[in-house]
Amino acid sequence: MRPALILVALAALALTACEREARRFDTPSKNQTPAEQAPRMGTLQPAAPLQGQVRAPLRNDSPYEENAYAVNQGKRLYRWYNCSGCHSMGGGGIGPPLMDSEWRYGGDPASIFTSIMQGRPQGMPSFGGHIPEDQVWQIVAYVRSMSGQLRKDVAPSRADTLYPGNPENARGKEHMEQAQPPLPEPGARR
Amino acid sequence: MTPMMNLFLRFVAALVLAVLMLSLSDYALAANPLPEGAHNVLDTMGPQAGHILDLWRVFLYLCCAVFALILLALLYFLRRQPRGDAGTPPELGFVDAPEPAPRRHVTRAVIASTLGLVALIVASVFTDRALARLPLTGAVNIDVTGHQWWWTARYRNGGPDEEFNTANELVVPVGKPVIVNLKSDDVIHSMWLPNLAGKKDLIPGRSASLQFRADKPGVYRGQCVEFCGLQHAQMTLHVFAVPQEQFDAWVQGQRQPAAEPADPRAQRGKQLFQSVSCAMCHAVQGTLAGAQRGPDLTHVASRKTLAAGALPNTPEDLAAWIRNPQLYKPGSSMPATPLSQEDLDAIVAYLGGLK
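Line by line, the protein sequences give chains V and R. The working numbering numbers the first residue of the first sequence as 93 and each following residue consecutively. The working numbering numbers the first residue of the second sequence as 415 and each following residue consecutively.
Chain V on its own, in the form it takes in the complex:
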């Protein structure tokens, strides 16, 4: 009896791992059912602006927060769509930081979703209609992972570009070294 129980427990464990690593490429994205509309609040939009309202989230949970692959896709899109241009790698800059526990417009999935879709005053562009909604949900999951709101085994690790050993960083350093004249040795004659 006991080996059977252990087997069942192992199978259950394996199934949870499946959810964490599952890669689904189904096209009808989640949140496709009609949802109530919300006004755009940001004045900026990427490329050519769209008129009209944006979609509001159906539920207050990101469908991707248990899935490491989707969160990683969110991380890629965060860079591709230049979220990092203002929020940096989470530390903030032009925009507020995303890796702390302070949220101006709420840190739950629905609030982050509406912030991305509607935009926010003082510079956050309105991405509603410009980014497919399932991708917005992936970005939401990644943004929440930065402040430690996701399971640790789902959250992606630090980007390779942040490591000092990265060849591209090294190239930048060489360039800086060339640009700056060497400092005089202490005690050297002028």
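Hints are computed from structural coordinates only; laboratory data are not their basis. All values reported here derive from a predicted model rather than from experimental measurement. Warning: the hint list may mix true and false statements.
[To be verified] Stretch by stretch, here's where chain R covers chain V in the computed footprint (C-beta under 8 Å, at least three residues):
#, segment
1, 137 to 151
2, 216 to 224
[To be verified] Pair ranges (Cβ atoms, derived):
#, chain 1, residue 1, chain 2, residue 2, range
3, V, ALA251, R, SER437, 33 to 39 Å
4, R, LEU489, V, ALA114, 30 to 36 Å
5, R, ALA663, V, ASP118, 41 to 47 Å
6, R, LEU421, V, LEU99, 32 to 38 Å
7, R, ASP757, V, ASP153, 26 to 32 Å
[Stated by the list, open to error] To give an idea of the chain R side of the interface with chain V (calculated C-beta under 7 Å), a few residues:
#, residue
8, GLN688
9, SER689
10, ALA693
11, MET694
12, ALA703
13, GLN706
14, ARG707
15, GLY708
16, PRO744
17, PRO749
18, LEU753
19, SER754
Note that the Cβ used here is the ideal one computed from N, Cα and C, for glycine as well.
Given chain V, work out where chain R should sit, using these hints.
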């Protein structure tokens, strides 16, 4: 005939057949190039692939000769061995005998093997020398960047305002050297144009260079040959070798910004393209769409394939691809954009006009 002899004869027959098929396929394929892009190491169309094929032949013939000699030696000793039956007592005399010193023919075999290996090394060195001596004056410079799972090509000849991007298809002039600078955007890829040159890896954070020359006009199929993820098999690169005048005309065309759409449906498509998710990743030069994450679509209608060779470039396939990219290339970074049939038709009409 003993079972061992039987096995041995089958082995020899298979070997002879393999060599025969290889030499026959050489002629068969040379006579009949594949219709949609030749993809064959034995059918060389440039000096670089020719040098590599020569080296391959040296390896093949030498290794076949060594293999045949070993099999002949095996046959000889099989026939020479003393025959016995189930009643013959085992011969155990050698257990007590002292270890025999290296015999003369062992020494000879070692010398012959060493010479053979040295000959292969010398052949490799000469091949590398020949590959490095491709004359490069007046070369076409192209930066090729590998992505999951497609290729960017940036033509670097001319001033900064004369450079242009294209994707998944290279057009090169016949008889002119081409220098390809290789980079990777994400993971390790490898570029291989079997008819034109050897393989070269694209390693993130490093750059590599590959030189080739196409001596005959034609379409050559290339492929990523380093496993790079789900759609590695659908990461194709086509090379179109065309006469110089045709190449110059193509370059002039590619340097122009996108054509302004004439009919109202395509104009609507242009507006949609810039405002929905297309413009978040794709660029069409001369419009608001300027993102570089997906293939540059400024002259997309002049290409023969879509999605790195996954689909032919027809309006129907383009519409199907935009509607559901994950059906044709699961895992691709292109998302499905929810569009009405009318909007989709408008975007397809717009892209179809970007010659």
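task = Hold the hint about ALA703 of chain R up to the distance rule: shortest CB distance to chain V must be less than 7 Å.
result = At 6 Å from the nearest chain V Cβ, ALA703 of chain R passes the 7 Å test, so the hint holds.
Proposed interface contact between GLY708 of chain R and chain V, which counts if any beta carbon pair is under 7 Å = violated (9 Å)
query = Can PRO749 of chain R be said to touch chain V, with a Cβ gap under 7 Å?
reply = holds (5 Å)
Within 8 Å of chain R (C-beta), three or more residues of the segment 137 to 151 of chain V = holds (count 5)
ask   = Does the interface hint hold: is SER754 of chain R within less than 7 Å of chain V, judged Cβ to Cβ?
value = violated (13 Å)
task = Using the beta carbons of ALA251 of chain V and SER437 of chain R, state whether their distance is inside 33 to 39 Å or not.
result = Violated, since ALA251 of chain V and SER437 of chain R (Cβ atoms, about 52 Å apart) do not stay within the stated range.
ask   = Under a C-beta cut-off of less than 8 Å, do 3 or more residues of the segment 216 to 224 of chain V approach chain R closely enough to confirm the stated coverage?
value = holds (count 4)
Distance restraint evaluation - LEU489 of chain R, ALA114 of chain V, Cβ atoms, bounds 30 to 36 Å = With Cβ atoms ~57 Å apart, the hint is violated.
ask   = Would the hint on SER689 of chain R stand, with a C-beta cut-off of 7 Å toward chain V?
value = With a closest approach of 4 Å, the SER689 of chain R hint holds.
key: Supplied contact hint for GLN688 of chain R, tested at 7 Å Cβ to chain V   = holds (4 Å)
key: Hint check: 7 Å Cβ-Cβ cutoff, PRO744 of chain R to chain V   = holds (4 Å)
query = Should the hint that ALA663 of chain R and ASP118 of chain V are 41 to 47 Å apart at their CB atoms be regarded as holding?
reply = holds (44 Å)
Checked against the numbered hints listed earlier, the structure breaks hints 3, 4, 6, 13, 15, 18, 19; every other hint is satisfied.
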